[in-house]
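Join the two chains into one complex using the hints; note that each chain is given alone, in its own frame.
Chains as they are written, first to last, in my numbering: chain A, 1 to 240; chain B, 1001 to 1442.
There's no promise every hint is true.
[Said to hold, decoys possible] Across the chosen pairs, the derived CB separations fall in these ranges: (1) B:1022 to A:199: 40 to 46 angstroms; (2) A:202 to B:1425: 36 to 42 angstroms; (3) A:119 to B:1338: 28 to 34 angstroms; (4) B:1006 to A:175: 39 to 45 angstroms; (5) A:144 to B:1377: 44 to 50 angstroms.
[To be verified] Quick look at which bits of chain A chain B covers, simulated, 3 or more residues with Cβ under 8 angstroms: (6) 42-55; (7) 77-85; (8) 110-122.
By construction, these hints were calculated from the structure, which means they are not laboratory data. Note that CB positions come from ideal geometry on N, CA and C, so glycine has one too.
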Amino acid sequence: MLEMKNVGKIYRTELLETHALRDFSLSVEPGEFVAVTGPSGSGKTTFLNVTGLLETFDSGSYRLDGDDVSRLDDDARSRVRNRKIGFIFQSFNLIPDLDVRDNVEVPLRYRRMPAAERRQRIGNALELVGLASRARHYPAQLSGGQQQRVAIARALAGDPAMLLADEPTGNLDSLMARQVLDLLEHINSMGTTIIMVTHDPELARRAHRNVQVIDGQITDFKPYEAPHAQSGHAVASVSA
Amino acid sequence: MFDYDLKLALRSLRRHIGLSMLMVLAVALGIAVCTITFTVYHAMSTNPIAWKNDRLYAVTIDSWDPEKPADDEQPEMPPEQLTYRDAIALHAADIPERSLVMFKSERVLNPQQPGRTPFYTLVRVTHGDFFPMFETPFLYGSGWDREADAGPEPVIVLSRETNEKAFGGENSVGRTVRLGDNEFRIVGVLDRWEPAPKFYDLNNGSFQEAEDVFIPFMWGETLQLPAVGNTNCWKSEQIESFGDFLNSECVWVQMWAELPDRDTRERYQAFVDNYVRGQKAGGRLPRPLNNRLFNVDEWLDFYKVVKKDNRVLIGIALLFLAVCLVNIIGLLLAKFLNGAALTGLRRALGASRKDVIRQHLTEVVLVGLAGGVLGLLFAVAGLAGIRAIYGDTYDRYEQLTRIDPVVVLVTLGLSLLAGLIAGVYPAWRIGHTSPAVYLKTQ
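So here's chain B without its partners, still in its complex pose (with noise of 0.2 angstroms):
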């Protein structure tokens, strides 16, 4: 009977085509403007390391003001970033099965190939674990083990667009290129990793792309490097020299620590907590005791990485699609109660209205799904509009606006979902019709 369904549907479709092409575009519009916001939901929401969710935690401890705390929104959150001295002392617990401690600078690369000239690269400085832990793809070589980090050693990794610019693209591990002022050996060359949002660094706003190279955590206080990230500080100090500096109740290092079990976090968390009872103890870090181990769903949360506006929108975007959906539900009243003659005359030939209602919604179905389809396209388009737009100032938008299978698939069902709910009551209005009413008005 499907058959014969959707011949009657496609028939009815094109009978009235001005109709059908005006239900269709109003799905299509609808469904297209609940895409794009969805999709660039979805970007903007994804953890992109989801898999390790439980295994991953960013390290806080409220090393505030006594009067106030860091943030007024969130009072009760501790600072995002620690300073120095913490970080160095907390990193040095062999808890976790592996941690690190980092923070973003800058410095000149110089690839010293002949045609090469030097270029502005943003640096990470970190510990060897970044790789292993964050599970950074390479393309070539690997990361650096803990004995570069005790060194330090001058070994460096390089992003695969760092690699192509300096060596257009050649596996480059052995070489070596100038930092600043100082040579690093290339260990390895990361492959395409662009994890959105950068959820091991949301300072710098979460849709940043990530450093262009990877150099050892001690560096940064050998070269004294400068942090450009956010760097804030509560407590009036005198800061003269770098030193002064790592010892300055300032924040501005970021910490990660994997831990791969309950137990492990519970003794984790103990560890930390014991280390601030003993600051206090020395007359640091005034304020109650507050340290907090973020897995990545509740860090990215904390950071609020998706407004209260991109809710509010995805919520507008649906008003718009119900709005759409009541248009196309008088729409399809009327076309199926002006062809209500027809389906008396088929229920006088024996069509039960379970047989009415199945034709009314095949119809419906297909003006759901050929809504879906074009306003799948017309979501291509639009995302492709943002793009043009916004892609020269925000160099996040191309992944922000990139539509993956999920929204495919969760456009297609909502198309469907819309079509029947829009067409249910108008089916069932013309199913309960009496034939007799239409059959001498044919």
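Excised from the complex, chain A in its bound form (with noise of 0.2 angstroms):
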């Protein structure tokens, strides 16, 4: 599904050179479910950027479902991001103006997809996180859990091979975290990829597999093993 050779990413000023991430390999097969841990500063978010090609790297190569997506342009990573990533943020980011149905429609919209498919999908995304009923209603009228459900629900509807998760839980009580976590086990054991960064070492058990950054590195990983017994399945390979 996913595979990083060597990948490196430095931010450069006047004054200073960041290296963000360093020789970064890392390797999540289809249907992975990857907790990403580290401290503040590590590298995390830039690893979570450059896996959802919003933002390019400097060196190093990534192949995203087979297509090596390296060196795409502008369009051609919109394009990738649009039909195969689905992105879900700590804050939700849903667009306040936009009533539940807009907000789940807006990257079906960027993949010029004919309305009655749209609506389609977007009924089927919303049955899945249960907020059918909520369709007419804006973000403000919603709770913070509901509100990451149709942040959920807009990532699903373009049917995305991978879901990339920013710390999904942080902005919700524990009741909400464990409902949206259960949402994203429950999606993900129907064969959706998930990489998902977190502070949170209690989420991060629930995840098949860990990874630790630290200083723009993989320090730490806790070897795949695929539900249901599938030991000695190693499918994810580590290098730093």
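Have a look at this one:
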């Protein structure tokens, strides 16, 4: 699904260079649920931005779903983002003056999808997150947990190969956080790969595999063991 | 995708309604000032008989003082008008398809109708070719023929307004009116005819109304009608009678010739030059040979119908629009960057740079169009204000301050262009912002 080899990312200013990622290598298999942990400033967000094609990188290579996406131009990156990646953010990032339905519709619009198909996908996504009855509500009329579920519906509506979640429960109380995590696990069980950045060790434990990032490098990982006793199926390889 | 862009643009404008209104207002003010200035300029600079521009020629010869030019500001130019005897001599040529000489006079017209009192009229004393040459529209009847010119026959053409005043607008062809002490038979009534500028006689203001009545040229001499236009003399002469005046070196008669092609024009130019050479041989016209045929555009330019001030005003108006645009660029930048987090989010969800730029330009175009429409309304109000203030003083202001379809189209085009100019940079800037920067701040 995802294969990064020796990826390097440097932020440069006139006075200093910051190596946000150094020789960063990671493979993630289809259907995996990977938690990325690490202290603040360790490079987690840069990793997520590079993985989500929101930022370019300086060295190394990156293959996503079998395609080399290392040196795509902006248009092509946008297309890949739109079709293969779904984003879930800590602060939900819903558009406040669009209702739930219109929020979920956004990525589908940029895919130039016909209206009928959009309607169907929006309906399915909202059914999955249990918010079909709130389609005409605005974000401000929803609880935090509901807003995050709308964001998940938006990420899923385009049927992406991979979900990138950045502290998805960071702004939620424990009950809502549990509900959201249950939902993510359910989505993962249906075959969607999930990479989740989190500070929370408890959340990280619920992933199939943990990857710890410090100073832009992977320092520790727990090998992937596929659910249902598929032991010995080492599908993740990490080097730093 | 256009419907989506439009929906987002409208939503964005509504979200920041105060800012949106400010931008629309800025465009509207710039456009209104430009439209008002352009309307007046357009009306002033229009050739009202452009389709005959290369057929109609004002005829001039340099009959002025050997010591100095007729116009110090344009020393290379001959005087605008002719002496009476030169005009008569040049009119005798049969080279032009049509030709006329003329001047403006005045008389009291008595309709000789019960209940209708005599009134003052401006009289154009001219040849019958005046009407077909300048394509004057007729409500009733027609002009007169060359026999009537030669007579001269007591025929008269009334303007529409004069006919309304004298006969209540009825078909008055065949009736008689008294002009001064003489009876004239009405042969035609003009329909509304307001050439602006008044190209055929620019001597007394470029935007005066056409005359009230028209009579054959030879009546001028027969009735010894005074010229009320400009009369300019350079030579010290004893003028004690009307005959002396006609034979003087004073210039006061206008002449036009219709020359359908280049060959005719060249032959006529040669004829005029030969005439002047003949006069020189007889001791007249001492200045160097400088006889010119002006087409209508050149004639309007010669008379400086559009003054330099008007062109400067256009420049100032465009500068004002530029200032408005610079302000709008600032406002748009602030607005778009304020919404950069949402734009970053849309980019994360799959919007390309082109999508983002197009979406923002749609918003800008809406601002431009709304500003254009509002600006047009402001312009209409502004022009109405000018009419209200100056309409009584300058009778042609109504015509000069009328917005025509060309101006409307130019205005809307200009506002669209203004919006795009103002919006391209902010839209480009927001389109090139890295989406990742704003996602954390959403």
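To see whether the hints hold, each was checked on the structure:
no., hint, result
1, B:1022 to A:199: 40 to 46 angstroms, "holds (44 angstroms)"
2, A:202 to B:1425: 36 to 42 angstroms, "violated (49 angstroms)"
3, A:119 to B:1338: 28 to 34 angstroms, "holds (32 angstroms)"
4, B:1006 to A:175: 39 to 45 angstroms, "holds (42 angstroms)"
5, A:144 to B:1377: 44 to 50 angstroms, "holds (48 angstroms)"
6, 42-55, "holds (count 5)"
7, 77-85, "holds (count 5)"
8, 110-122, "holds (count 3)"
Going down the numbered hints, you'll see the structure goes against just number 2.
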